[in-house]
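Chains S and A are the protein sequences, given in the same order.
For what it's worth, this note's numbering labels the leading residue of the first sequence as 1, then goes sequentially.
For what it's worth, this note's numbering labels the leading residue of the second sequence as 1, then goes sequentially.
Hint data in this document are derived by calculation from the structure and do not stem from the laboratory.
Hints may contain errors.
Unchecked claim - Taking lysine to any residue pairs in the SDA-like style, the calculated list, with each CA pair at most 20 Å apart, reads:
no., chain 1, residue 1, chain 2, residue 2
1, A, Lys93, S, Gln8
2, A, Lys396, A, Gly290
3, S, Lys26, A, Thr341
4, S, Lys26, A, Asp418
5, A, Lys336, S, Gly84
6, A, Lys84, A, Glu52
Stated by the list, open to error - Stretch-level coverage of chain S by chain A, calculated; a stretch enters the list once three of its residues show a Cβ under 8 Å from a Cβ in chain A:
no., segment
7, 17-27
8, 33-40
9, 50-58
10, 67-80
11, 84-95
Keep in mind that this is a model prediction, so the values were computed, not measured.
Ideal Cβ positions, reconstructed from N, Cα and C, are used throughout, including at glycine.
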Amino acid sequence: VSTSLTVQDVERIARLANLELTAHEKQLFTRQLADILAYAEQVQAVDTTGVPATAHVNAHGVERPDAPKPSLRVSDAVANAPDGAPDAGLFRVPRVIG
Amino acid sequence: MTALTSAREIREAIVTGKASAVDVCRASLARIEQTNPALNAFNHVIAERALERAAAIDGQRASGAALGPLAGVPVALKDNLCVKGVRTTASSKILDTFIPPYDATVVEKLEAAGAVIVGKTNCDEFAMGSSNENSAYGPVRNPWATTRTPGGSSGGSAAAVAAQCVPLALGSDTGGSIRQPASFCGVVGLKPTYGRVSRYGLLAFASSLDQIGPFTTSVADAALALATLSGRDAMDSTSSEEPVADFAAALTGDIRGVRVGVPRAFVSDGVDDAVRRAFDAALIVLRDAGATLVDIELPYARYAIPVYYLICTAEASSNLARYDGVKYGHRSPAVKDESLTTMYSRTRDEGFGAEVKRRIMLGTYVLSAGYYDAFYLKALQVRTLLRRDYDQAFTKSDVIVMPTSPIPPFTLGEKTDDPLQMYLADIFTVSVNLTGLPGVSIPCGFTEPAPPRPGQGESSEKLPIGFQVIGRMFDESTMLRVADAYERATNWPRTAPV
């Protein structure tokens with residue numbers, strides 16, 4: 001895969017990442033990300049036939065009994081919300097449905 | 001008054017009644033106040049809370065209660081570690097107002113050991129950077145030369161220890177963010193084995209790479225801090241059941257017969273002359289102390305930078321999805337009747353700085369349809385080859401050494417326009433995170449002051465240089481023994497002349 005990045009590509013990625021970029025940022029990132037990806041392309045030259053992926057270096061059993069225990073109080077969990085309703089235990093967001 | 005350079009000496013002075021924890025705490029707070037205008041190492045200081053804790057330690061002593069291994073020791077925390085009720089920002093505008101509702105596990109452990117947390121240190125935003133210039137609160141300045149970077153991302157923690165504000169500070173290391181600033185500031189910086197220290201309460205950047213570790217002025221203090229921080233924690237499923245060794249007992253000073261691997265080919269290119277001289281001299285010190293130098297090869301290490309930046313950005317793009325203006329932090333005030341997604345994306349554009357956006361974009365790209373196999377999966381496979389390189393090298397050697405950074409501390413602003421150039425300087429630190437191995441950076445000398453230039457007077461800048469000792473998985477003991485033996489054989493100053 002060779003990388004030629006356009007402003008339209010950057011706009012597409014920004015939508016996926018939930019980032020509303022300014023026109024200046026779109027231009028800047030198109031150039032900078034293309035540079036970085038062109039450099040990163042060198043990994044594609046490595047022969048990795050039959051080589052497993054390492055997503056995690058220290059895999060060990062992570063299961064535990066599913067036992068209930070105390071957790072954060074709802075009012076504490078909501079306390080940092082920019083538009084919270086601590087008494088109701090809710091986060092408020094812009095209207096989602098019609 | 002005990003100098004604020006040794007955790008062990010401070011504890012000893014408090015236990016024996018030569019100093020009170022409150023006096024030590026006041027001295028630390030005064031030093032921070034004195035140096036912070038020049039260094040910007042602290043985002044916030046928690047004087048009242050610290051003095052209360054210190055008074056409690058003095059009360060414990062007065063009542064005859066046993067004192068913990070860090071009793072009365074002032075400690076600074078990188079501002080991506082949660083302390084209940086204390087503002088924690090990760091040096092990001094998007095978390096400018098965040099007050100954690102719980103303590104990080106390392107905070108609980110430090111305080112249970114008697115440590116007194118004095119403040120939160122400046123860092124690159126969400127720990128993304130190598131110069132501390134990506135902080136929303138401005139860069140930290142290097143205590144050895146205030147026109148230069150202290151390194152990053154834990155630049156404030158490194159500077160706080162070098163400037164004698166505290167004898168111990170915690171940072172986090174995802175690609176070198178403890179070891180590189182330790183090297184740049186002339187102090188000791190330790191990245192434990194992946195899984196050694198619980199990350200519960202650390203604001204996540206790249207979860208397969210992040211570790212928490214200490215900055216100190218000595219290897220012995222680093223061993224003491226590591227013993228306090230280590231161990232299995234039910235709150236972090238990646239924390240290990242591996243037994244925690246008596247790290248202090250490993251510091252015997254005897255490294256006769258220890259095989260020290262040197263990756264000659266890997267460190268042959270692109271290393272600054274002063275760094276090379278200091279590293280070569282360090283090898284001679286280790287050999288003279290009885291270690292056996294062994295040539296090793298790490299053929300896949302040349303791919304460490306692209307592999308690291310493909311993986312860490314992919315993980316970051318996922319981890320940072322949680323900052324969306326709903327649960328905590330900033331929400332764009334410009335949003336009224338727009339859609340939920342507009343609120344998310346505008347909030348994130350306003351709240352994140354340029355480097356964080358760049359990394360989220362890169363990570364989103366390499367995980368997206370059509371590019372996943374060619375970039376992300378490929379990087380994970382080369383990561384396996386890199387691990388095999390180190391496994392092979394450790395059949396011939398007990399530790400591996402290399403420079404921490406190929407270059408000495410650079411000038412603020414020098415690399416901010418070219419992110420790729422900034423990334424390339426991480427070449428010697430990132431593979432330790434990709435493999436999960438422990439690494440410690442220790443001072444090994446200084447650059448020579450530059451010759452005087454006409455009209456500019458004499459430059460007195462001597463800049464610290466460090467090298468790192470890398471150990472086998474969960475064998476911090478041998479790694480620290482070698483680092484300590486080197487430290488005993490040398491006497492580099494650890495505190496900056498600010």
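Tell me whether the statement that chain A covers the segment 84-95 of chain S is true, taking a Cβ distance below 8 Å and needing three residues at minimum. Result for this restraint: holds, n = 4.
Satisfaction of hint between Thr341(A) and Lys26(S), Cα-Cα up to 20 Å: holds (19 Å)
Does Gln8(S) sit within 20 Å of Lys93(A), going by the straight-line distance between their CA atoms? At roughly 28 Å apart (the allowed maximum being 20 Å), Gln8(S) and Lys93(A) break the hint.
For the pair supplied as a hint, Lys84(A) and Glu52(A), confirm whether the alpha-carbon distance does not exceed 20 Å. Satisfied, since the Cα-Cα distance of roughly 15 Å is no more than 20 Å.
Chain A over the segment 33-40 of chain S, status - at least 3 residues with CB closer than 8 Å: It holds: at least three residues are needed, and the segment 33-40 of chain S offers 6 whose Cβ sits within less than 8 Å of chain A.
Given the hint that Lys26(S) pairs with Asp418(A), does the C-alpha gap stay at or below 20 Å? Holds, because 16 Å separates the two Cα atoms, which is no more than 20 Å.
Hint consistency between Lys336(A) and Gly84(S) [alpha-carbon to alpha-carbon, up to 20 Å]: Holds. Lys336(A) to Gly84(S) sits at ~16 Å (cutoff 20 Å).
Do three or more residues of the segment 67-80 of chain S come closer than 8 Å to chain A, measuring C-beta to C-beta? Satisfied; 5 residues make the cut.
Take the segment 50-58 of chain S, compare each residue's beta carbon with every beta carbon of chain A, and decide whether three or more fall closer than 8 Å. holds (count 8)
Three residues minimum, CB to CB under 8 Å: does the segment 17-27 of chain S make the cut for coverage by chain A? Let me know. holds (count 7)
For the pair supplied as a hint, Lys396(A) and Gly290(A), is the alpha-carbon distance within the 20 Å limit? It holds: about 17 Å lies between the C-alpha atoms, which stays within 20 Å.
The structure shown violates just one earlier hint, number 1.
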